[in-house]
Amino acid sequence: MAGELPFEQPLLELKNKIEELRRFGADKQMDFSDEIARLEQRHEQLAAELYSNMSTAEKMQLARHPQRPTTSDYIQLIFTDFIELHGDRLYGDDLAIIGGLARLNGVPVTVVGHQKGKDTKDNIARHFGMPHPDGFRKGLRLMKQANKFKRPIITFIDTPGAYPGGAAEERGQGEAIARNLMEMASFGVPILCVVIGEGGSGGALALGVGNRVFMLENSIYSVSSPEAASSILYKDATRSKEAAEAMKITSEHIKALGVVDEIIPEPRGGAHRDVQTQAEAIKQMLTKHLQELSTLSEKELIEDRYNKFRQIGRFTIQEGNHNHA
Amino acid sequence: MQFKDLFQKKRKYATVPTTERTVNRGGDGGEILPEEKPRREIPEGLMNKCPKCGTIQFTKELDKNLKVCTACGYHFKLSAVERIQMMMDEGRFFEYDSEMMSEDPLEFPDYVGKYRKAVEATGMNDAVITGEGTIGGFPVVVAVMSFDFMGGSLGSVVGEKVTLAVEYAIQKNYPLIIFSTSGGARMQESILSLMQMAKTSAALAQLNEQGGLFISVITDPTFGGVTASYAMLGDYIIAEPGAAFGFTGRRVIEQTIRQKLPDTFQTAEFNLQHGQVDMVVQRKEMKSTLTRLLDLHVVKGDLAHGR
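Those protein sequence lines, which keep their order, are chains Y and U.
Positions 133 to 457 (this note's numbering) are the ones given, in order, by the first sequence.
Positions 71 to 377 (this note's numbering) are the ones given, in order, by the second sequence.
Don't read these hints as lab results, they were simulated from the structure.
A few of these clues could be false.
[Unchecked claim] A few chain U residues facing chain Y, derived, Cβ under 8 Å:
#1 M171
#2 P179
#3 V182
#4 A191
#5 I240
#6 A268
#7 M302
#8 G316
#9 T334
[As the list claims (entries may be wrong)] What the simulated footprint calls covered on chain U by chain Y, stretch by stretch (three residues with Cβ under 8 Å from a Cβ of chain Y suffice, anywhere in the stretch; the number is not a length):
#10 336–348
#11 355–364
We put the CB at the ideal spot given by N, CA and C, even for glycine.
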């Protein structure tokens, strides 16, 4: 498979060696099966080692892998009857966010997600998955529709962040994100969110106020992209690995901090190695939690979501340390 | 008897001290706040230079003019304490949750040191002061941010205090006023900072549901996570003249997409033109504007809270 990352090179070399030996054996009609078995065992060991000890930077590469499955891949594999809907009815149709109606196990739902491009041209059209206000407002329009028709909402999060541009600011980037946060908090339907790749900043959170929030094992979630954080913290954009490490952006850290409910395991080597299996794992998680939430009333769903976010944060009360009064 | 008279008799307010206090404005190093006698012999505290037009003026004159340049009208940044003194009736204020302090949940390099330094330099425990008092005689819950505390960054403490302030406003049926200034979410608490945006917005959704009044006042500068949560969710949004605000700052936009932006980009006036705020109000008109808005929400002796 193409698209190996630098840290996967040793695996690729071993694999090529095995292939070469196989071809050579077939050509010369010689039996190398012992040698091949030995090498395959080594490959297995090395893979197990490499993928279970990935650094934050390596996981970040997987989360941003050009072949990483996107929202539209998962929509096709998880749902049936998808009907894509377009536009925010205010300004335009931002392709960095897609959404529409679909069925999950036969039940009508609304699906919304960030959409990265499949190639350079597609990525330019979709601004690399970085929404303008129009994208957030399109998402909000679809979610309001879901609320009206009592459909559960499923969101897929995969963006480096909101689009940094003059036009985006003029049209109220901050307001659009803020509005989504407030409105999502008040919908009386179940909301399930899955971080499938990059969860960067407010642009990610604008689709992330759910009763349940999940992360794929190798996805990342942070207050800003590691590059932006690096330039803010160190006034140096090249120290992104350091910033990524410090910000604790991997799924296990985010879960330990109480922000996500469950981690969805990925096939070894990342979601792109086996999209079918990955989609199936996501589907099972969604199905399980949707069933749990289906017993809650509208009011309980809103309370459940409020309580989830209400308790996030760490602070202490230092009695007597009353600085200014 | 009017509702507000009742209120005033019941409440006892602590007074925010007007004793001298060192403030660190936006990281330009410690400047000395206007205070009479002991400071007199220190020349640096006596005069002030306007960062916009360069006019040098007496600190006393500047203070009398609410820290607005007498020559060009530039609005100097205010610390939370200064703003409370200017906005609340007789500068009186009952503070909430003053003992809440940050932790270092991510064990982020240098965070503890930076935080301690900010506490020492400002005398605050984090970047926001919340509490209640009256404006023009109307009881209100207020949250006032301070840029001099780690760039007014939004972390767990700011998120929690603002959320509690919203919840107090809901419980007490008081209007809520938030004065924002912030560089954005606090990097050192990464994901927890990001989630404070959702937490505060969710609380505001409840206030909104109840029919509660929320006035957002945006001051210079306000960016990132604060803009993308409570600052832009006011029923009314007021900005101070010249206040820079937006989501992504101009430097990041220029560096990332190499776009040329107008000089006025993201000023309060630019944002007014683009429909992002209701009005731009001079500091000296702020209190009377807030009072008029509060007054317009009084229905049959009670403040508007849907009842």
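Hints, one by one, checked against the model:
1. M171: With a minimum Cβ separation of about 5 Å from chain Y (threshold 8 Å), the hint on M171 of chain U holds.
2. P179: Given a least distance of 6 Å, the restraint on P179 of chain U holds.
3. V182: violated, 13 Å
4. A191: At about 12 Å, which exceeds the 8 Å cut-off, the nearest Cβ of chain Y leaves the hint on A191 of chain U violated.
5. I240: violated, 12 Å
6. A268: This hint holds: A268 of chain U lies near chain Y, its Cβ roughly 5 Å from the closest one there, short of 8 Å.
7. M302: holds, 4 Å
8. G316: holds, 5 Å
9. T334: violated, 12 Å
10. 336–348: holds (count 4)
11. 355–364: violated (count 0)
Checked against the numbered hints above, the structure violates hints 3, 4, 5, 9 and 11; every other hint is satisfied.
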